[in-house]
Amino acid sequence: MQTEKQNKGKKSGRKEAQSKLFVPRNYFYFSLKLPVEELATYLLTEESELLDYENQNGLMLDFGYGKQVNKYFTVEGGLEAYLGNSLNLLYEHEQDEGLDELRITNSAYAFQLKPIFTVPLDEEVTLRIGAALNYQFLRSAGKYYSYAYRDGEEVLASVIKNTHRSRFLLNVNPFVGADFKVSERWGLGVDLSYVRYNWDKSISGLRFSNQTDLQLPLHKTSDVFVAIKVTFR
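To convert, count from 1 in the sequence shown and add 248; that's the working numbering.
One or more of the hints may lead you astray.
With a Cα cut of at most 16 Å, we get these calculated EDC-like pairs of lysine to aspartate or glutamate [what the hints assert, rightly or not]: (1) K391 with E432; (2) K468 with D448; (3) K409 with E371; (4) K319 with E372; (5) K429 with E371; (6) K391 with D348; (7) K409 with D348; (8) K429 with E349; (9) K429 with E372; (10) K319 with E371; (11) K319 with D370.
Think of the hints as simulated: they come from the structure by calculation, not from any bench.
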């Protein structure tokens, strides 16, 4: 009897030790990603002014579900939206000194899978390195503003709108970061991601009826984004 009790005690002790070593944390997550260079410029410039004819990188939102496979590997899956990437260009008139304007707003929508390698530093902090595999399409919306001179003043003559969507594409964005346990249910995380998007895939399909010989711009995003992530389980 005593031997059986001792064996049971040893088994329960092993189970308790194993449970302390690894407790799976399956969770929901939401993150906001901002371009590091633009964010730093905005924060460090005394008077942050948005230039009319400046490219903007926009922001990203993603949400989904994460599952810890083991102590060193986690998988996240969800949806991501890249919004607000903009491109503004001026075109000189051939007949006079006036200018026409082309405004393009780009966005991307993706099904996302993230394999992540994790390194627990302690019970509160975990380092992570991985890649976001995006199965996505790109969308570009363009507006061409034509101006004309009337009574010596430049006035808006017409606005032509057009949109074009790319086919589905595969994109890979690597990242590194850290997760911080706030409570048993809540956590915070910070990631740095290298993001590269070739907007030519959608911009090249834009058409403006009165500008048949218009040279559309080549446009790519290649930047580091910082992500602030919230997790809940």
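Hints and how they fare:
1. K391 with E432: Violated, because 49 Å separates the two Cα atoms, which is more than 16 Å.
2. K468 with D448: Between K468 and D448 the Cα gap is close to 7 Å, so the pair holds against 16 Å.
3. K409 with E371: 54 Å, violated
4. K319 with E372: 14 Å, holds
5. K429 with E371: Given that 16 Å is the threshold and the Cα spacing comes to 8 Å, the pair holds.
6. K391 with D348: Distance of about 11 Å is within 16 Å: holds.
7. K409 with D348: 14 Å, holds
8. K429 with E349: 49 Å, violated
9. K429 with E372: 5 Å, holds
10. K319 with E371: Distance ~12 Å between K319 and E371 Cα, so the pair holds.
11. K319 with D370: 12 Å, holds
In this structure, the earlier hints numbered 1, 3 and 8 are contradicted, and the remaining ones agree with it.
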